[in-house]
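**Student:** Could you build the full structure based on these sequences and the hints that come with them?
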Amino acid sequence: MMPRFLTILSSLLFSLMLAACTAAPEKPLRLGTNVWIGYEPFYLAREINALDQDKVRLIEYTSSLPVLHAFRNGLLDAAALTLDEALLLSQQLPDISVVAVLDISNGADALLSRPEFSDIRQLSGKTVAVENLATGGYLLLRALQQAGMSPNAVTIKAVSADNHEAALEAKDIAAVVSYDPQKTRMLANGAHNLFDSSQIPGEIVDVLVVRKHIQQQKPHMLRHLLKGWQIAHQYLQRNRREALVKMQPRQKLNAAQIEGALQQLSFPDKAQNQILLGQSGQLHKTLQRLRLHMQSSQLLSPSAATPLTLDPSWLQE
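Okay, so the sequence shown: first residue is 1036 according to my numbering, each after it adds one.
Possibly wrong hints are sitting among the right ones.
In silico DSSO-like pairs for lysine-lysine, Cα to Cα no more than 27 Å straight-line [said to hold, decoys possible]:
hint, residue 1, residue 2
1, 1090, 1192
2, 1090, 1262
3, 1262, 1247
4, 1192, 1262
5, 1090, 1305
6, 1247, 1062
7, 1320, 1305
8, 1281, 1247
9, 1262, 1281
10, 1287, 1206
11, 1247, 1320
12, 1192, 1206
13, 1247, 1287
Distance windows between CB atoms, simulated [unchecked claim]:
hint, residue 1, residue 2, range
14, 1207, 1333, 49 to 57 Å
15, 1331, 1182, 15 to 23 Å
16, 1062, 1084, 16 to 24 Å
17, 1192, 1275, 32 to 40 Å
Rather than coming from a laboratory, the hints here were simulated on the basis of the structure.
Please read these numbers as outputs of a predicted model, since none were measured by experiment.
We treat Cβ as the ideally placed atom computed from N, Cα and C, and that holds for glycine.
**Tutor:** This is the structure in structure tokens:
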């Protein structure tokens, strides 16, 4: 009996070892973004092999709305979003946190009008397109405030970012709140810049949002993603010409246009992220301002708390 028992036991152990060896590989962390110059370092990292596609999978969408939709439906583990989009998402999915500030807009987001308009006050009674009532609506509100105009002075129309150029060209709208790469193309075609984020410094911010349980399950993949982001920025500084060439096919802009777009962004480094995400950091103040705007616009419940966590720990290593 004993030899037979040992034979069976050996077979079972062999089967277990074989199963362990043939187990399905761990799925990569899935990061979703839209087409935006501020997120380009992720794709540059992939181009220069600073991102292992077995660890991180980049998924690009035409605008931020499908990114949010995919995240809500569990198709993404992480997303590059504007801060207000992250806040909106956190009301439905509290299991997320901001782990990095990716960029700060300093002119990259703008209110652009058709050529016949040269002053924001001329938009009174006209229709203005925004991609969403959060970021786009916020920049439009700040533009109207600085011009001494009522928020009701214009009619707002929701238009996805990939349709901004067509809508402005077809004269369906008088103006649009947009961003690169379409912003640069519209300006090249005669649009006027009536207001941009350089006039409200530090208020339009892009962040990296990650599900908290993914941070626990795949910490090595998240660290790899953040390291790749940092390597891409180093490459961008040291190999500027080559980096701009690599960005052209995706952005559909020439090198000079991409350089101009990058000059309208600030990319915080690790130390700056620590300050921004810290307990007394500027991002907490920006978050509160956005929350109040979104509540007044009925995007958030007036009684809603702000469960969105700002976590600087991932960039301390």
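**Student:** Just pull the numbers of the violated hints for me, sorted ascending.
**Tutor:** 1, 4, 8, 13 and 14
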